[in-house]
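Based on these hints, arrange chain B on the given structure of chain A.
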Amino acid sequence: MSQVTLGYVLGAAQCLLAVALLMCAYRVIRGPRAQDRVMALDALYVNAMLSIVMLGIRTGTELYFEAALVIALTGFVSTSAVAKFLMRGEVIE
Amino acid sequence: MTLAPDLPPVAALVVGVLALGGALVALLGATGLLKMRTFYDRVHPPTLSSSMGLAAVALASIVTFSVLGTRPVVHEVLLLFFIVLTLPVSMMLLARAALFRDRSEAYDASMAAEARAAAEQEAAALAAAQEEAAALARRDSETGGDDDADYSAG
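Taken in sequence, the protein lines are chains A and B. Take the first sequence: its letters are residues 1 to 93, numbered as in the working numbering. Take the second sequence: its letters are residues 1001 to 1154, numbered as in the working numbering.
By construction, these hints were calculated from the structure, which means they are not laboratory data. Since the structure is predicted, the reported quantities are computational estimates derived from the model, not experimental observations. No residue lacks a Cβ here, since even glycine has one placed at the ideal position from N, Cα and C. No incorrect hints appear here.
A few chain A residues facing chain B, derived, Cβ under 10 Å:
#1 Leu6
#2 Val9
#3 Cys15
#4 Leu16
#5 Leu17
#6 Met23
#7 Gly60
#8 Ile71
#9 Ser78
#10 Ser80
#11 Ala83
#12 Met87
Excised from the complex, chain A in its bound form:
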């Protein structure tokens, strides 16, 4: 009984995260300047990571944690590269 309820609750949480992903994607498309787009992309990475961890909870396997860890480790690289580019005009001087 508790498992069924938990299934619904986790499914609802996953749907909320999907809606959050769509909102970030809208900002990526609409953001008037480049800095808006890259910041929304960073938020997209974080929300995708949350979604993967939620999927790991739902299936009960520890496999998905590693995918989330890869996103956490390397997701900031694109933000830093575009920030450097906006400041200096090139990424590696």
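What follows is chain B alone, placed relative to chain A:
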């Protein structure tokens, strides 16, 4: 399609509350990102989802796998650790880059306006000098060819 881990009721309650709370906070952060009007306002809401949202969901994951495996499983703490280490740095760098960009564009615009104003002034001065020369030439033709009158008028 309703997958769920097989947990005892108390753990299921805790995991459900934490996961739903984390997802709600993430949604709040994304709504803020959508709704705010300037870039500097939009920097703050996503940090909600990456701090509180991530903490709640990671804690839910820790509880789930600890109860399922009957031993403490805490490697989700690594997620929090790396995000806390990298996200604020990249966000501050981006905010600084945006500030630099806005300031340099404002400077360029003010320089262009100044240059335009200076060009207009020069054109006005040139037009005034030309008119004076034309007036002098007219007076010259009216008085006739008397050299002394020209020198006294200047």
